[in-house]
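Protein chains: 2
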Amino acid sequence: MPIADKMVKMVEAASMIRKMFEEGIRMKEKFGADHVFDFSLGNPDVPPPKIMQETLLDLIHDDTVSHGYMPNPGFMHVRQAVADYLNQTFNVGLTPDLIVMTVGAAGALNDCLRALINPGEELLTPAPYFVGYNQYAFVAGATLITASTRPDFHLDLEAIQTAITEKTRVVLINSPNNPTGAVYSAEELDGLGRVLEAASKKFDKRIYLISDEPYRKIAYDVTVPSVFDAYNHTIVLTSYSKELSLAGERIGYLAVHPKAEDARLIAGAAGVANTMMYVNAPSLFQQVVGRLQGITVDIDIYRRRRDIFCQGLKQAGYEFDVPDGAFYLFPKSPIENDVEFVNLLKDQNILAVPGTGFGGPGHFRLSYAVPDKTIIDSLPGFKKAIQSVK
Amino acid sequence: MPIADKMVKMVEAASMIRKMFEEGIRMKEKFGADHVFDFSLGNPDVPPPKIMQETLLDLIHDDTVSHGYMPNPGFMHVRQAVADYLNQTFNVGLTPDLIVMTVGAAGALNDCLRALINPGEELLTPAPYFVGYNQYAFVAGATLITASTRPDFHLDLEAIQTAITEKTRVVLINSPNNPTGAVYSAEELDGLGRVLEAASKKFDKRIYLISDEPYRKIAYDVTVPSVFDAYNHTIVLTSYSKELSLAGERIGYLAVHPKAEDARLIAGAAGVANTMMYVNAPSLFQQVVGRLQGITVDIDIYRRRRDIFCQGLKQAGYEFDVPDGAFYLFPKSPIENDVEFVNLLKDQNILAVPGTGFGGPGHFRLSYAVPDKTIIDSLPGFKKAIQSVK
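Chains as they are written, first to last, in the UniProt record's numbering: chain H, 1 to 390; chain D, 1 to 390.
Derived by calculation from the structure, the hints in this document are not laboratory data. Hints may contain errors.
Copies of the same chain look alike in the list, so a pair counts if it fits in one copy or across any two.
Said to hold, decoys possible - SDA-like mimics (lysine to any residue), calculated; alpha carbons at most 25 Å apart, straight line:
#1 LYS19 - LEU265
#2 LYS202 - TYR85
#3 LYS50 - ASP62
#4 LYS30 - HIS77
Fair warning: this is a prediction, and the values are worked out from it, not measured in the lab.
With these hints in hand, go ahead and build the complete structure from the sequences.
This is the structure in structure tokens:
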């Protein structure tokens, strides 16, 4: 092969996603964009808060703004601002040397896995899980292992305990969850902490917890508990993609718990991984987010869409758990084969993603990061699709 | 170890560089910034062209500017703009599907190596070479092999021919060169193309040429010839770090020669690697550079510094080739041990990097991406240092 052997499978998987994407474009051209209901992508369409644009303009008018290299793990004043914000919010005692500014949450996860995982070691995550985890495991040479969740998609601690082996290096959680919208409670996180502590003892090897939290601020009627409180050996990573609607700008960070075993060494190694892969997180947007700690897009827009969508789908006869966070619905497929049902939805010009791709067969994912009108206008199609199989 | 075994060496190497960097900060605090002459970093200090700021403001005031995800290999209109510019300049027939917008040249190189190299395959580069190549080879699981250059740091085609083995997958060149400032001529590139064509036949395996060109626009009194003309199986990669002084913003691209064997497959695989590692190149700066094709910082500033520095060092008795491009000088160390001589320079509050780190022992690297005054004020120190060993 002209390309690397191991890349062949990744290119094939990507070309399947691209085909789906291109099919969507083709459909929009054929039927008109207003008549195609695309719920396939998690691309925030809520505009960034007004203060984001003002901050950006302010910085660019300021002659001292830097577009050049900074110390690779990020501007010290930005890392300090992140640490201050996290300390105020979670009372965790972070110092800036435990923060690395990253190329989004994807970059942060790649950094952490590169820092921690020896080839062939295992990365354990509850399923359903974000499809990108396959790619990040691949990049780090890790083996991705899944543990099933409970029927409501919350943590099944016994399943996790059983799935941990002597090769497990990292357990990776994502709450609010993509694709299910589940938000883990403080109790279940505490339980997870106890499982990881016991397993680390049992295998005489520290198991680290990585908490991937890009949807932390997109939560409805629930508080998203701090993972720092549940387990000392935790790395939290996130991006400003959803909370400031800056997904394309690739800006995020990782924060290593000050009480984690070898916390400074791990933060240092993640910083080196960051340098090797991306050099540094984008300069201008580091400076933007440094000034916007705690600022969030208008969550009520997502809440309203969730409510409209849930009501409409319920009336049509779909079964699902009302999501507590993120901007996804993960309904049960009315027939066993979710790929087949997603094709039936496509006959109604509705684009969804089969749950199988997320390790959650028998379900399908709908992103409601779309205008209200798309949701409302799609509902008759959802009704027809479910009626066609009942 | 709490961190991955293979990362230990990388962290140690990075901590040496950090120590040097921190020593510089310590010296500046002790002696005052005006009395420390820091030539260690290649961080462009020439401001971006005025039109860069105007374009940025224009885009931000435009409500249609996107901060969200775009197709992972980049905005189609930006890839088209890059292809148009390259076609106008080099008459090479590029189409946008052969362009991937990347997180700087580092990201582009990581993408290409990930796309092409099977673990253990060899990446061959002429030495002295940019120190980051060690890291990018590590990330891809490639073995970095070097071929010596001629005394003037131009390509030694025989050395390259000899160094190619059945494991060689990629030959990587960098012209204008960091650290030497050499610019390869059309003739030597043609010669390299012939060597690679012959070696590909000999080993019955296509060897690809990657041309890392972030300094292409920083050239004095010479034209930097097109590598596309020399060898069909070429991937050119670059960034806007130096030509627009945007090093911290992490924006660049890769372009696969339309006549390369399996060109589209390789561009596709590099695009998938890009997605897996960084998701996409930063959105706002993609849109900025899309409008600024062919725009360059004021090169005369670098030329003036080069001339002042060369004249001063020559008068002090240093031996070096006057660089044709980039913003580095790579003088001979007056004593064999370059690390020792760099320490003697430090006694004069001059910070330089030993050539050993670049695979060029017996030399040291000076970056003249610094104000004229730093160069002028440092010259007495350079004189004292060389006199102390003569």
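Hint-by-hint comparison with the structure:
1. Proximity of LYS19 and LEU265 under a CA criterion of 25 Å is satisfied inter-copy only: 15 Å between copies versus 43 Å inside one chain copy.
2. For a Cα distance limit of 25 Å, the shortest separation of LYS202 from TYR85 qualifies neither inside one copy, at 36 Å, nor across copies, at 60 Å.
3. For the homomeric pair LYS50 and ASP62, the shortest alpha-carbon distances inside one copy (19 Å) and between copies (13 Å) are both at most 25 Å.
4. For the homomeric pair LYS30 and HIS77, the shortest alpha-carbon distance between copies (22 Å) is at most 25 Å, but the shortest distance inside one copy (51 Å) is not.
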